[in-house]
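**Student:** Here's the letter readout for the chains.
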Amino acid sequence: MKLILSDTPLNISSEISNGIKYIDLSELKIANCVGCFGCWTKTPGKCVIRDDAVKVYPLIAASDAVIYVSRIKYGGYDTVMKTMLERAIPIQMAFIRLLDGETHHVQRAVALKKAVIIAYGDTGEEEREVFRRLVERNAKNMSFKSWRIVFVNENETESAVREAVKEWRK
Amino acid sequence: MAEIIILNASPRAPKSNSKLYADIFIKNCKEKTEYYNISKNNHTELCGKINGFTDLLFVFPLYADGIPSTLLGFLKTLEKNPPEKKPTVSVIVNCGFFEPAQNDTAVDMVKLFCAQNGFPFGSALQIGSGEAILDTPFRSFAERKIKMLAGCISDGKQRVLKTTMPLPKRIFIRASTSYWLEYGRKNGVTEEEMRTMSIEKF
Ligand SMILES: Cc1cc2nc3c(=O)[nH]c(=O)nc-3n(C[C@H](O)[C@H](O)[C@H](O)COP(=O)(O)O)c2cc1C
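These protein sequences, in sequence, are chains D and R.
If you're matching positions, the first sequence starts at 1 in this note's numbering and goes up one per residue.
If you're matching positions, the second sequence starts at 1001 in this note's numbering and goes up one per residue.
Be aware that a few hints might be false.
[What the hints assert, rightly or not] List of simulated lysine-lysine pairs, BS3-like, C-alpha gap at most 25 Å:
no., chain 1, residue 1, chain 2, residue 2
1, D, 21, R, 1201
2, D, 29, R, 1049
3, R, 1186, R, 1015
4, D, 145, R, 1201
5, R, 1030, R, 1085
6, D, 140, R, 1169
7, R, 1201, D, 55
8, D, 29, R, 1201
9, D, 42, D, 29
10, D, 42, R, 1019
11, D, 42, R, 1186
12, D, 55, D, 29
13, R, 1032, R, 1015
14, D, 140, R, 1201
15, D, 140, R, 1162
16, D, 140, R, 1111
17, D, 145, R, 1169
18, R, 1085, R, 1049
19, R, 1015, D, 42
20, R, 1169, D, 46
21, D, 42, R, 1076
22, R, 1201, D, 114
23, D, 29, D, 46
24, R, 1015, D, 46
25, R, 1040, D, 46
26, D, 46, R, 1201
27, R, 1076, D, 29
28, D, 55, R, 1040
Hints are computed from structural coordinates only; laboratory data are not their basis.
Since the structure is predicted, the reported quantities are computational estimates derived from the model, not experimental observations.
Chain D with its partners taken away, still in its complex shape (with noise of 0.2 Å):
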């Protein structure tokens, strides 16, 4: 499976085919992680919070390929996308292994996947580098064995979105 995540609506029905799953999380309730570890250690795999994430974070596990499309403030995701990424740790176990000589926690059933971010907004030179450093430490949590980030202005969003559906049909 294929899933868009973005923290804002997009017009890409038409990019929309089967295999592809297109979630707008700005129309979603999704509350703060509340770190309770409940997901690890009380309910292991499913989070106590039952807003709209839950429908979420399984679609992020399952996908092979991912686009998440989002603002950047301060070098990182803002908030809408930020919160949902923080919500998706039931898709991981508390318990801790190496990987790549460094501690992260064991995956359930989660599939690799190839990401591509699309971040949007004002950004400069200095932001971007953070952004890069960012996604890099989360390839390792999140599951990605390959990822790309595609800076944009946000009038530019949309069409980046729709580029980076093009390459999954090539």
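Mind docking chain R with the ligand on chain D? Use the hints.
**Tutor:** Chain R with the ligand in isolation, oriented as in the chain D frame:
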């Protein structure tokens, strides 16, 4: 004399490790300190309190390789409601994984906020194995570095301090496995259940 306002940006602030780190900081700091938890609804109110302090210390966990959305939200509010005189910003960031360097990006994000908004950046303490270190014989490693950070803020020094448990990684992993199994056991959940590969259906 420095006056330090300490803001805890852990989403579970009242019961957080960050709170315990802040307590150790307060005990070891010669300056006047005031401590607050950042909650859902107090961002603007806290922004109003910052005026008059020479230093602002954020204490927070690493969340998904970056600053937790609680801190992100607070910084966005602070950007809109800045104090007249901007204090020097320092951080204590702790993460669950072993390597203190996994916190690098979170520190960079706070530095970016500072650069974009005209706040001077002071010092950073990055704690690895921060979920558990205070309950182990290695507590003193964290305490010593927190004390050093307090000294740096008093003296207006800019330093990056790092600490973690003084263990080989394989031993750390074994210890962390016991830690989490005990966590589950208290909830009546077995190792097998904790190791389930299945994630709820969509
Ligand atoms: C949603 C979530 C995301 C986390 N992400 C990371 C991470 O990327 N790297 C890491 O080392 N620890 C991570 N942790 C672990 C916390 O940083 C660690 O448990 C910390 O001690 C919590 O501090 P606090 O009690 O002050 O909130 C995460 C925890 C949660 C709940």
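**Student:** Is the Cα-Cα distance between residue 42 (chain D) and residue 29 (chain D) 25 Å or less?
**Tutor:** It holds: about 23 Å lies between the C-alpha atoms, which stays within 25 Å.
**Student:** Holds or violated: residue 140 (chain D) with residue 1169 (chain R), Cα cutoff 25 Å?
**Tutor:** holds (17 Å)
**Student:** Going straight from one Cα to the other, do residue 1076 (chain R) and residue 29 (chain D) come out at no more than 25 Å?
**Tutor:** At roughly 20 Å apart (the allowed maximum being 25 Å), residue 29 (chain D) and residue 1076 (chain R) satisfy the hint.
**Student:** Has the given pair, residue 1032 (chain R) with residue 1015 (chain R), been kept, meaning a C-alpha gap of at most 25 Å?
**Tutor:** holds (23 Å)
**Student:** Does the alpha-carbon distance linking residue 140 (chain D) and residue 1111 (chain R) stay inside the 25 Å limit?
**Tutor:** holds (24 Å)
**Student:** Under the criterion that the straight-line Cα-Cα distance not exceed 25 Å, is the pair residue 140 (chain D), residue 1162 (chain R) satisfied?
**Tutor:** Satisfied, since the Cα-Cα distance of roughly 22 Å is no more than 25 Å.
**Student:** For a C-alpha distance cap of 25 Å, please report whether residue 1186 (chain R) and residue 1015 (chain R) respect it.
**Tutor:** holds (17 Å)
**Student:** Between the alpha carbons of residue 29 (chain D) and residue 1201 (chain R), is the straight-line distance 25 Å or under?
**Tutor:** holds (18 Å)
**Student:** So if I understand the rule, the pair passes when the alpha-carbon distance is 25 Å or less; does residue 1201 (chain R) with residue 114 (chain D) pass?
**Tutor:** holds (22 Å)
**Student:** Quick one, are residue 1085 (chain R) and residue 1049 (chain R) close enough, alpha carbons at most 25 Å?
**Tutor:** holds (12 Å)
**Student:** Is it true that the CA of residue 55 (chain D) sits at most 25 Å from the CA of residue 29 (chain D)?
**Tutor:** Since the Cα atoms of residue 55 (chain D) and residue 29 (chain D) sit roughly 11 Å apart, the hinted pair holds (cutoff 25 Å).
**Student:** Given the hint that residue 42 (chain D) pairs with residue 1186 (chain R), does the C-alpha gap stay at or below 25 Å?
**Tutor:** Judged against 25 Å, a Cα distance of about 9 Å means the pair holds.
Checked against the numbered hints above, the structure breaks hints 2, 20 and 21 and satisfies the rest.
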